[in-house]
Amino acid sequence: MATTAITPENFNAEVKESDKPVLIDFWAPWCGPCRQIAPALEELSEEMQDVRIAKLNTDDHPDLAAEFGIRGIPTMILFKNGQPASTKVGAQPKSSIKDWLEGEIA
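Position in the sequence shown (first residue = 1) + 303 = our numbering.
Simulated from the structure, these hints should not be mistaken for laboratory data.
Watch out, some of these pointers could steer you wrong.
Unchecked claim - Simulated restraints, written as ranges between beta carbons of each label pair:
#1 Gly335 with Asn384: 30 to 36 Å
#2 Gly375 with Gln352: 26 to 32 Å
#3 Ser399 with Pro311: 26 to 32 Å
None of the values given here were measured: they were computed from a predicted structure.
Glycine residues also receive a C-beta, built at the ideal position from the N, C-alpha and C atoms.
Can you build the whole structure from these sequences, using the hints too?
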């Protein structure tokens, strides 16, 4: 499953009402570290069936990013039962992201 683009219009359906944990990558097109981790997140979206991986463009949706206190990107927030449960800030290797997710959703 490919990553899903999150917008204010689909946030409730894709995140709050999701039957699985959802990882949102807060990113922007001009952000080098964001582009660096994008392929790893796409791969993890295919490999990990027990978590959904989504992306929110902070340039396009600054109000939604501000709602979650995003001050730097990339920031990844794992939502469980529609609520923020864990956060990672900064570019991470794929193995670190996967280990973090597996530890959080176990």
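Outcome for the supplied range 26 to 32 Å, where the beta carbon pair is Gly375 and Gln352 | holds, 30 Å
Cβ distance range 30 to 36 Å for Gly335 and Asn384, holds or violated = For Gly335 and Asn384 the Cβ distance comes to about 33 Å; the hint holds.
Given a hinted range of 26 to 32 Å, is it respected by the beta-carbon distance of Ser399 and Pro311?
-> Cβ of Ser399 to Cβ of Pro311: about 30 Å, so the range 26 to 32 Å holds.
Violated hints for the displayed structure: none, as all numbered hints are satisfied.
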